[in-house]
Every structure is written in structure tokens, then in C-alpha cells.
Amino acid sequence: MNDVCSDAEMIQLIQGAQRWETAAVDRLYDLYADKVFRYVWYRVGNRETAEDLTMDVFLRLLEHVPAFRLNHERPVASFSAWLFRIASNRVVDHYRRRGKGEMPVEPRAEVEASISPTERGQAIVEADETATELRGAIATLTEEQRQVILYKFVEEMSNAEVARLLGKSEGAVKSLQHRALAAIQRALRLPVTRKA
Amino acid sequence: MDIAAILDDCIERLRRGEAIETCLARYPGREQELGALLHVAAQLHDAPRPRLSMTSRTVMQERLHGAMAGKEPLHVRRPLLGWLRLPAPPRPRFAFAYATLLLIILLSVSLTNIAVNSLPGTPLYPAKRVAEDARLALTSGAAQRAILHLERAQKRLAELERLFAEGRYDAEALAAMQNETALAFMEIARIGGERQNKLLGQFLAAVRAQRAALAAAAERQTDPVARLALETAAAVAARE
Numbered sequence: 001m002n003d004v005c006s007d008a009e010m011i012q013l014i015q016g017a018q019r020w021e022t023a024a025v026d027r028l029y030d031l032y033a034d035k036v037f038r039y040v041w042y043r044v045g046n047r048e049t050a051e052d053l054t055m056d057v058f059l060r061l062l063e064h065v066p067a068f069r070l071n072h073e074r075p076v077a078s079f080s081a082w083l084f085r086i087a088s089n090r091v092v093d094h095y096r097r098r099g100k101g102e103m104p105v106e107p108r109a110e111v112e113a114s115i116s117p118t119e120r121g122q123a124i125v126e127a128d129e130t131a132t133e134l135r136g137a138i139a140t141l142t143e144e145q146r147q148v149i150l151y152k153f154v155e156e157m158s159n160a161e162v163a164r165l166l167g168k169s170e171g172a173v174k175s176l177q178h179r180a181l182a183a184i185q186r187a188l189r190l191p192v193t194r195k196a
Numbered sequence: 197m198d199i200a201a202i203l204d205d206c207i208e209r210l211r212r213g214e215a216i217e218t219c220l221a222r223y224p225g226r227e228q229e230l231g232a233l234l235h236v237a238a239q240l241h242d243a244p245r246p247r248l249s250m251t252s253r254t255v256m257q258e259r260l261h262g263a264m265a266g267k268e269p270l271h272v273r274r275p276l277l278g279w280l281r282l283p284a285p286p287r288p289r290f291a292f293a294y295a296t297l298l299l300i301i302l303l304s305v306s307l308t309n310i311a312v313n314s315l316p317g318t319p320l321y322p323a324k325r326v327a328e329d330a331r332l333a334l335t336s337g338a339a340q341r342a343i344l345h346l347e348r349a350q351k352r353l354a355e356l357e358r359l360f361a362e363g364r365y366d367a368e369a370l371a372a373m374q375n376e377t378a379l380a381f382m383e384i385a386r387i388g389g390e391r392q393n394k395l396l397g398q399f400l401a402a403v404r405a406q407r408a409a410l411a412a413a414a415e416r417q418t419d420p421v422a423r424l425a426l427e428t429a430a431a432v433a434a435r436e
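Top line first, the protein sequences correspond to chains A and B.
Just so we're aligned, residue 1 is where the first sequence starts under our numbering, counting upward by one.
Just so we're aligned, residue 197 is where the second sequence starts under our numbering, counting upward by one.
Be careful, since some hints might not be right.
Just a sample of chain A residues kept apart from chain B, beta carbon distances all over 12 Å, derived [to be verified]: (1) Ala8; (2) Arg69; (3) Ser88; (4) Arg164; (5) Lys174; (6) Ser175.
Here are the computed distance ranges between Cβ atoms for each label pair [what the hints assert, rightly or not]: (7) Arg416(B) / Asp93(A): 35 to 43 Å; (8) Ile199(B) / Glu9(A): 14 to 22 Å; (9) Thr418(B) / Glu9(A): 35 to 43 Å; (10) Gln15(A) / Thr335(B): 42 to 50 Å; (11) Ser158(A) / Tyr223(B): 19 to 27 Å; (12) Arg209(B) / Phe68(A): 50 to 58 Å; (13) Glu415(B) / Val92(A): 34 to 42 Å; (14) Ala67(A) / Phe292(B): 23 to 31 Å; (15) Tyr223(B) / Thr22(A): 47 to 55 Å; (16) Ile300(B) / Arg96(A): 20 to 28 Å; (17) Phe68(A) / Val312(B): 23 to 31 Å; (18) Glu143(A) / Ser336(B): 39 to 47 Å; (19) Thr218(B) / Gln15(A): 13 to 21 Å.
If you are wondering where the hints come from, they were derived from the structure by calculation, not from laboratory data.
Only a predicted model underlies this, so the values are computations on that prediction, with no experimental measurement involved.
Every residue gets a Cβ at the ideal spot worked out from N, C-alpha and C, and that includes glycine.
Working from the sequences, and respecting the hints, build out all of it.
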């Protein structure tokens, strides 16, 4: 499966999805399912909930894509930003419904289950414990800081891509990255009690 | 060069494989400020990137197809918040019954949502299973039912792993997982053609994941009975 999409292909996919063409929706799903899932997982910390919310994000995509206004100058970036905004809103709704409380920490076994068997191993298991702490620290960030961290380090996007996604300059992305890393460092050093 | 730009430069270098120490040496006098941040960046680089399991992926895609099948033609615009439209208001003498019915529905939906993450032995777990059974009862077609059974087997496995993490073992959850796996296979056997091959691939992937998880859990298990049960289950999965 090719997980790279050109601007030209994205225009066709969005137009196809707006007509609810299965092939176009399937391709968008293939391109974004894991990305959305990871983004949600890092924010809710529970595989089952993350899967449910990911499903919900794609159902909302289907519902609202006819009204999506395609930006012909940067179709991939604008669609990605739109989809991740749906995902972010869905996570916020989820916590609003649950009421405020501590973010759940996913048991290590469940983290293991969320990784393919070939990726398992002692090193990964140890990394997962760190990941749980990291996830907690990421939860303390502002929305913009969190997006920069997840896009750059989890999705491995460049500054230019993140800047296009967020509608900011590359300099602003670097500043957000700096503040976010400093906040994570503080959170990891101190006992963290956070709100959802 | 401000600290944000220096930090970004070092992060790019780390991404290309440069060591933190080498990077710090490029910016003398800023080692302390940069060092801690770069260690955080390195941890983020190494953080796992979980993916959807193949089963969940397929189930979601099937649901998307189902949702598309029910779509209205594009030119038909739905009214704002049309989905929220409720049935016509009841006549006054039925108002109480109507309100009670709505309340029961709302409570059931809320309970089911809360129960989604519950584990065997907790008060809300039966509600979770009832909701799952209701969904299965409403699912027709061997392929859809096979996918649902695989999904249920995966949920039982996830519950078992959470129980193992808490040092608990639940024989019923293990049996339920095996039962769902067997039912999935029975449904797959009723399908023909390319679809059967695709689902068999998912079935085998699910069984491999079960085997790996059970074998790992058996190694950690201190209770001899639980250990034997898990080893047996892992061996059964290996024979599938």
C-alpha cells in the first residue's frame, strides 16, 4: 500500500469521496487510518477507545466531506488539517462526555497488543513504559504544542509540512516545538497530575 | 541563532543519526540548556507508533462501506441537525410513558458506553457483553459475522492481557476467546472465493497474535493451573 499521496491525487480523492465513491473513500482510509488512530491513541491512551474514536472520525468524514471546501493550492495539507481537526474535536468530545478526570494510563499489556507481533520484544516493552510517561506528559501541552509534537515526532513530518498543516510559519513551528519539549521535560521531571 | 532554531537544527541532526553529544559540541555554552531537551526529543523519536490491527482495520472499512450504502444522493441536503429529529411529540396522556422510554434508552446507551472498557468480574461487564450480543444478532451474512467474531475474539484477548497485567487470570474469558475464534472459522468456512482467502488471512493473523500473547502470559504466570491452561491454549492456537 502506497502511503504517499500527491496533491493531484488528493484532489481526485476528495472529489470522489464527495460523490461517496468507494474507491476514493477506501484510499483515503488507507492513507489516514493509522495516522488518525495513532493521533487519538496518544491522546486517550487506550486501544479500544482509540479504535472507536477513529471509526467515528471516518464516519464524520463521510458525513461532512461533501461540504469540505477543497483548497486547490495545498489539497493534501488542507485535507490533513481538516481530518486531524475532526479527530481532535472528537477526542475533546470524548473527554467532555466522560467528565473531567485523570487521563487513563493504558496497561502495558494493552500497549503490547497495539504493536504488531514482529515489533514486539524486550526493547519495545521497555520503550512502552517510557511511552506511557511520555503520553502523560504530552497531555499537559497546549493543543498547538501537542499537534506540533505528534506531527513531527509520531508522524515524522517536516517543519514545512507541519507549518502548512497548522497555517503557521516554520519559525512559529520551531518555537512551539521548543516550548513543547521544555514542557514535556518539566512534566517528566515532576510528578504529573493533569486534567483530561 | 535563537534557541528554538538551534534545537530544531539538532533535532534534524538526531533524525539523521547524529549522536546527542556530537550535536551538543556544535553549540558550546548551550550544552546544559540543549541537552535535556534533546534527550526528550530522542525519547519521542523512539516512542512506539501503534497501528490498527488488521482485523480492526477491516471491520472499520466494512462499517464505512455500510455507512456509504445508506447515504442519500449528494444533491439532497440534509436539514441542519436533521439527525437529531425526534418522533412527533406524544399526546399528553402518553407523555409519561414516552419520557420513561427515552430515559431508559438514554440510560442504556450511557451504560453501554461506560461499560466498553470494563473487564470480566466488574459490574458493568455483563452490559458490555449484552451490547456485543445485540450487535451480533443484528449482523447478517457469513463474512460480516466472521469479522465480528474475530473482533470479539480480539476484545477477549485484550481483556485477558489487561487481566494478566493486573496479575489475574480468568478461565471464562479465555474460553470465550477460543469460542469466538472457532465461530469465526465456522463462518469463514461458509464463504467462498477471494473473500474467504482474505478472511482466512485475517483469521490466521488473529490466531498468531493469540498464540504469542498466551505463550508470553504463560511464562509470566506463577499459578500452575493458570500456567497449564495458558500453555494448552497457546498450543491449540499453534495447531490452528
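Structure-based check of each hint:
Separation of Ala8(A) from chain B is adequate, the least Cβ-Cβ distance of about 22 Å exceeding the 12 Å criterion. Consistency note on Arg69(A): stated as away from chain B, and its beta-carbon is indeed over 12 Å from all of that chain's, at 15 Å minimum. The Cβ of Ser88(A) sits about 18 Å from the closest Cβ of chain B, beyond the 12 Å cut-off, so the non-interface label holds. With a least beta-carbon separation of about 16 Å from chain B, Arg164(A) lies farther than 12 Å from that chain, consistent with its non-interface assignment.
Chain B draws Lys174(A) into its interface by the beta-carbon criterion, the shortest separation being 4 Å against a cut-off of 12 Å. Separation of Ser175(A) from chain B is inadequate, the least Cβ-Cβ distance of about 5 Å not exceeding the 12 Å criterion. Checked against the hint of 35 to 43 Å, the C-beta distance between Arg416(B) and Asp93(A) comes to roughly 37 Å, which is consistent with it. For the pair Ile199(B) and Glu9(A), the beta carbons lie near 39 Å from each other, so the given range of 14 to 22 Å is not met.
At about 54 Å, the beta-carbon gap between Thr418(B) and Glu9(A) misses the expected band of 35 to 43 Å. For the pair Gln15(A) and Thr335(B), the beta carbons lie near 33 Å from each other, so the given range of 42 to 50 Å is not met. Between Ser158(A) and Tyr223(B) the Cβ separation comes to about 22 Å, which falls inside the hinted range of 19 to 27 Å. Restraint check, Arg209(B) to Phe68(A): a C-beta distance of roughly 38 Å breaks the suggested window 50 to 58 Å.
For Glu415(B) paired with Val92(A), a C-beta distance near 41 Å keeps the hint of 34 to 42 Å intact. Range check, Ala67(A) to Phe292(B): Cβ separation about 40 Å, and the 23 to 31 Å hint is violated. For Tyr223(B) and Thr22(A), the hinted distance range of 47 to 55 Å is satisfied, since their beta carbons lie about 53 Å from each other. A C-beta distance of roughly 24 Å is found between Ile300(B) and Arg96(A), which places it inside the suggested range of 20 to 28 Å.
Between Phe68(A) and Val312(B) the beta carbons are some 30 Å apart, a value that agrees with the proposed interval 23 to 31 Å. Between Glu143(A) and Ser336(B) the CB atoms are about 42 Å apart, so this pair conforms to the stated range of 39 to 47 Å. The beta-carbon spacing between Thr218(B) and Gln15(A), approximately 48 Å, falls outside the hinted interval of 13 to 21 Å.
Violation of the numbered hints given earlier is confined to hints 5, 6, 8, 9, 10, 12, 14 and 19; the remaining hints are satisfied by the structure.
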